[in-house]
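Undergrad: Position chain E against the provided structure of chain F, taking the given hints into account.
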Amino acid sequence: MDFKDTPEEAKFRKEVRSWIDANAPKHLEAELKRASFGSSGLTSEDPIEAGKAWQKKKAEAGWACLHWPKEYGGGARTAMERVIWSQEEGPYAVLSSPFTIGHGMCGPTVMEWASEEQKEELLPPLASGEEIWCQLFSEPASGSDLAGLRTRAVKADDGSGDWIINGQKIWTSGAQNSDWGLLITRTDPDVPKHKGLTMFFLSMKTPGVKVVPIKQANGASGFNEVYFDDVRIPDAQRLGAVGEGWRVSLTTLMNERLSIGSGMSTGFPELFKFCMDAEVDGEPATADSGVRSKLAQFAVKQSGLKYTGMRAISALSKGETPGPENSIGKLVAGATMQELSMFALDLQGEAGVLWNEDSPQNGRFQAMLMRSPATRIEGGSDEILRNIIGERVLGLPGDIRVDKDVPFKDIPASGKGRS
Amino acid sequence: MNLDFSEEQKQLKEQVGRFLAENCPPAAVRAVLEGEQHHDAKLYKGIADLGLLGAAIPEEYGGVGLGQLELCVIAEELGRVIAPVPVASTVYLGAECLLHAGTEDQKSTWLPKIAAGEAIGCWAINEGSGRMRPEKVTASFENGKLNGTKSPVADGAIADFAIVLAKEGSGVSLCLVDLSGDGVERENLESIDPTRSQTKLTFNGASATRIGDAGDGWHIATQVMDKAAILIGFEQLGGADRALEMGRDYALERMAFGRQIGSFQAIKHMLSDMYVSATLARSNCYYGAWALASSAAELPLAAATARVSATTAFQHCAKNNIQVHGGMGFTWAFDCHLYYRRSNALALMIGSLSTWESLLIERMSTGNVEAAA
Numbered sequence: 001m002d003f004k005d006t007p008e009e010a011k012f013r014k015e016v017r018s019w020i021d022a023n024a025p026k027h028l029e030a031e032l033k034r035a036s037f038g039s040s041g042l043t044s045e046d047p048i049e050a051g052k053a054w055q056k057k058k059a060e061a062g063w064a065c066l067h068w069p070k071e072y073g074g075g076a077r078t079a080m081e082r083v084i085w086s087q088e089e090g091p092y093a094v095l096s097s098p099f100t101i102g103h104g105m106c107g108p109t110v111m112e113w114a115s116e117e118q119k120e121e122l123l124p125p126l127a128s129g130e131e132i133w134c135q136l137f138s139e140p141a142s143g144s145d146l147a148g149l150r151t152r153a154v155k156a157d158d159g160s161g162d163w164i165i166n167g168q169k170i171w172t173s174g175a176q177n178s179d180w181g182l183l184i185t186r187t188d189p190d191v192p193k194h195k196g197l198t199m200f201f202l203s204m205k206t207p208g209v210k211v212v213p214i215k216q217a218n219g220a221s222g223f224n225e226v227y228f229d230d231v232r233i234p235d236a237q238r239l240g241a242v243g244e245g246w247r248v249s250l251t252t253l254m255n256e257r258l259s260i261g262s263g264m265s266t267g268f269p270e271l272f273k274f275c276m277d278a279e280v281d282g283e284p285a286t287a288d289s290g291v292r293s294k295l296a297q298f299a300v301k302q303s304g305l306k307y308t309g310m311r312a313i314s315a316l317s318k319g320e321t322p323g324p325e326n327s328i329g330k331l332v333a334g335a336t337m338q339e340l341s342m343f344a345l346d347l348q349g350e351a352g353v354l355w356n357e358d359s360p361q362n363g364r365f366q367a368m369l370m371r372s373p374a375t376r377i378e379g380g381s382d383e384i385l386r387n388i389i390g391e392r393v394l395g396l397p398g399d400i401r402v403d404k405d406v407p408f409k410d411i412p413a414s415g416k417g418r419s
Numbered sequence: 001m002n003l004d005f006s007e008e009q010k011q012l013k014e015q016v017g018r019f020l021a022e023n024c025p026p027a028a029v030r031a032v033l034e035g036e037q038h039h040d041a042k043l044y045k046g047i048a049d050l051g052l053l054g055a056a057i058p059e060e061y062g063g064v065g066l067g068q069l070e071l072c073v074i075a076e077e078l079g080r081v082i083a084p085v086p087v088a089s090t091v092y093l094g095a096e097c098l099l100h101a102g103t104e105d106q107k108s109t110w111l112p113k114i115a116a117g118e119a120i121g122c123w124a125i126n127e128g129s130g131r132m133r134p135e136k137v138t139a140s141f142e143n144g145k146l147n148g149t150k151s152p153v154a155d156g157a158i159a160d161f162a163i164v165l166a167k168e169g170s171g172v173s174l175c176l177v178d179l180s181g182d183g184v185e186r187e188n189l190e191s192i193d194p195t196r197s198q199t200k201l202t203f204n205g206a207s208a209t210r211i212g213d214a215g216d217g218w219h220i221a222t223q224v225m226d227k228a229a230i231l232i233g234f235e236q237l238g239g240a241d242r243a244l245e246m247g248r249d250y251a252l253e254r255m256a257f258g259r260q261i262g263s264f265q266a267i268k269h270m271l272s273d274m275y276v277s278a279t280l281a282r283s284n285c286y287y288g289a290w291a292l293a294s295s296a297a298e299l300p301l302a303a304a305t306a307r308v309s310a311t312t313a314f315q316h317c318a319k320n321n322i323q324v325h326g327g328m329g330f331t332w333a334f335d336c337h338l339y340y341r342r343s344n345a346l347a348l349m350i351g352s353l354s355t356w357e358s359l360l361i362e363r364m365s366t367g368n369v370e371a372a373a
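Chain order of the listed sequences is F and E.
Heads up: the first sequence at position 257 corresponds to 257 in my numbering, and the numbers run straight through without jumps.
Heads up: the second sequence at position 354 corresponds to 354 in my numbering, and the numbers run straight through without jumps.
Every clue listed holds true.
Computed spacing ranges between beta-carbons, pair by pair:
1. F:Ala413 - E:Phe330: 42 to 48 Å
2. F:Asp21 - E:Glu14: 43 to 49 Å
3. E:Gly128 - F:Asp281: 26 to 32 Å
4. F:Pro284 - E:Glu14: 45 to 51 Å
5. E:Ser6 - F:Pro324: 21 to 27 Å
6. F:Asp229 - E:Ser365: 58 to 64 Å
7. F:Pro7 - E:Ser365: 34 to 40 Å
8. F:Ser144 - E:Ser365: 40 to 46 Å
Below, computed lysine to any residue pairings styled on SDA-like, alpha-carbon distance capped at 25 Å:
9. F:Lys306 - E:Asp273
10. F:Lys11 - F:Leu66
11. E:Lys319 - F:Gly395
12. F:Lys4 - E:Ser294
13. F:Lys155 - F:Glu117
14. F:Lys4 - E:Ala296
15. F:Lys4 - E:Asn2
16. F:Lys4 - E:Gln11
17. E:Lys107 - E:Asp160
18. E:Lys42 - E:Glu14
19. F:Lys26 - F:Asn362
20. F:Lys318 - E:Asp4
21. F:Lys404 - F:Thr251
22. F:Lys273 - F:Ala351
23. F:Lys318 - E:Glu7
24. E:Lys10 - F:Met80
25. E:Lys107 - E:Ala214
26. F:Lys294 - E:Leu353
27. F:Lys70 - F:Met254
28. E:Lys107 - E:Gly67
29. F:Lys294 - E:Ser352
30. F:Lys294 - E:Asn344
31. E:Lys10 - F:Ala315
32. F:Lys306 - E:His269
33. F:Lys155 - F:Thr206
34. F:Lys4 - F:Ser265
35. F:Lys294 - E:Gly130
36. E:Lys13 - F:Leu316
37. E:Lys319 - F:Val393
Simulated from the structure, these hints should not be mistaken for laboratory data.
For each residue, glycine too, the CB sits at the ideal point set by N, CA and C.
This is chain F alone, in the form it adopts within the complex (with noise of 0.2 Å):
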C-alpha cells in the first residue's frame, strides 16, 4: 500500500505540473480558489470567456478531452492519467466547468452513436472550447422518471423526411450559453415508454428554440427552460434508429454518474477552520464535546470518500474499470453538505441567518445551503442513487413499474384522473 506514483506516473505528474505553471491564467488563482459554492468565482472577467480562453490553450497544447481519441480533439490519454492531470489542474478546472455536460456526456453520445462525418464536424469544436453543449433531458413532467418525457417529434408531411418537435424541456444545465443540445423526444407514444423514444442532436440557434432561465431556490439562475415550437430538423440529425433513443441515452447516462460523482468535497475543510476560530460558550468551538462528535462524523465522510476514490484510482491504475459502486460520491456528498451547511450556521448563532461578504468563509455555509438541495437532486436524486446501489451493487430485485408494458397514451399522468 502507498500513495506513491510509479515512474511513469510521475514523469507525467511532472510534464503536466510544468506546462500548467507556465500556462495557466494565475492572476485568476486567488479568485478561483474563493469560488463560493455552486459558481465559478470569477467576477473580474466573464466566466465564459474565461472558460473557453483557458480550453483553447489546453486544446492547442494537447490537453483536452484526455479521454477522447486524439481524432475528435482528444488526448487519447489513460485513465490514469486523466486522474493526474485533474489532480494538477486543480482550481483552473472550474473554468472548464461550461464544458462539462458536452465533454462528459453530450460528446460520448455523438461519438458512439453518430456518423464519421457528423463526429468529425462536431467533436473538435467541442473539445477545444470554440462551443457548447447541453442535455435536453428532463422534463416538467419527468425527472427521476426520465422515460415518462412528452416532448414529440413528428415526421413533417411534405415528404422531406425532415421532423418537427414540439414540447418542453427542464433542468437544463447551461442552456443559455450552449451552441448545439442533444435532445430525446418522443416518437411513438402507442408503444411502451421505452420503446417510443429517438435521439436527435440539434444546433441551439435553431428557429423555434426558445431559453428561458429558471431563476432557482438560491437566486441563481444556472438551469433554463427549453422550449420547441414546431422547430424543423433534418432527418440526418438523429442518433441511433427510430425508437432506440432509451438505448441512446443509457450511453449519456452511464457518463453523466461517472463524471458528476468523482471527486466532490463535503465543504469538511472550510468547516473545521471555521470551527477553530468560532467559540462556544466563551471556549473555542473544537473544545465543545458535542461540536467535536458532529465535526468528527462529517470528518469520516470527508475522508471515507476520499479513500474510496482512491481505491478507485488504484483500480484504475491496474486497468480496471469503476463500477455503479461510484454512485457513493454524490449521495455521500450531496447529503453531507446540506447537513454540515446547517451545522456551520447553527454555530453562527442569529447570524447565521445573514449571507454577506462578512458571513464566515464568505458567506460559503450560506451558499451551500442554499445550493446543495439541488446537489442532491441533479443527475440522479438520492432516492435514484440508494435504487442503484441497491439493485446493481447488492442484487436486490428491481422496482415494481406498473407502466412497464402499458401504451405511453395510457399512462396516467400528473393531474390527469382527478377530474
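TA: Quick look at chain E alone, frame taken from chain F:
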C-alpha cells in the same frame, strides 16, 4: 498509487476466511455465548497453529515475521465471523505493547508463547465507569508490587498475563503481571457480549515488572491503542460487511405482500445506506492500514479516522440488520443479535465512540487538517 492489499495478502485473507467459515460457524459463537467457557479454546489453538497469532511477531520471538497489513486482513476475517477468541487482547494490545516498549526479557518470555497460542493476554486499563484518563488511575505500582482493581478487563478470565496501567510516584506507568502468581483475584462480570468475556481483576501485592519508563504509561498505552484501533477497525469492518450480507440475503428470501421484501424501497434504501457506511469505513480503514504499515506521522489521525468510521458502520449495519429481519431478527434463534452484541461491545473497547470522535478532532486541531480532508 496503490491503496489496496497485495495479491498475497488477498490470498491470505481468503485462506483465513475459509478456515474460519469451517471452524467458526455461528454454532461455535453460540457455544461460548450459552456455555460456561469464556472463549473457544480449540479455535484459538487452530488460529495459532496457522501462524496467525504470530503474523506480525518477528521470527526471533517465534512469530512468522509478516507485517501489519497481514494482521489487518486476519482481523477483518475474525470480525466477519465474530470469532469468540482473545486475539485483540493478546495480539493487537498485548504483543504490540511488548514489541513497542517491552524489555528483552519481557519479549523473549511472552512473545513466543503468544505466537504459539500458549499465553493469552489482557489489557487492564479501565477503572469503572466513564472515560479513562490517567488522573483517574488508583491502582499503584511500587517496588515491583501491584495493588488495586481494574474493571472491566476484556478476556481477564482466561488471560495468563495482564498489562496494567498503574500510578507510580507522581505519574502512571504500564506494568506486566503474570496472572498465575500470588495476589491476583478474578471476578467474572456479566456483559452485553458474553462471547468476549469481561472480568474484574484485583491485585494485592502481585509481582509485576514495568514496561517502558516510569511515568510513560499513558503515552505508551495511547500509542498501542492507536495501532489496535486500526486492527479492531478491521474486525468491525468484517462484522459490518457480514451484517449487511445477512440483511441482503434475508431481503431476497423473505416474501411479504406478495413480493421479496428487498423490492420495497424502504428496505432497499436501508440496505443501500448500510453499504454506503461500510464502504466509507473500508476506505478509512485502508488509510489506517497504510499508516500502520508505513509508520506514517499521520498514524494517530488515521487511527482515529478508521476507528470512528468503523465503529459507526458496524453499529449502523448490525442494528439495521435486525430491522430488515423484522421480528425474526429479534429472536434468539437468528444470528442478528450476535452481531448486535459484538458491534456494541467493540464500540466501547479501548475507548468509546465519543472518546475517539473527540480524539480525532483534537488530532486534526494540532495536525494538518488537509491530510484528512
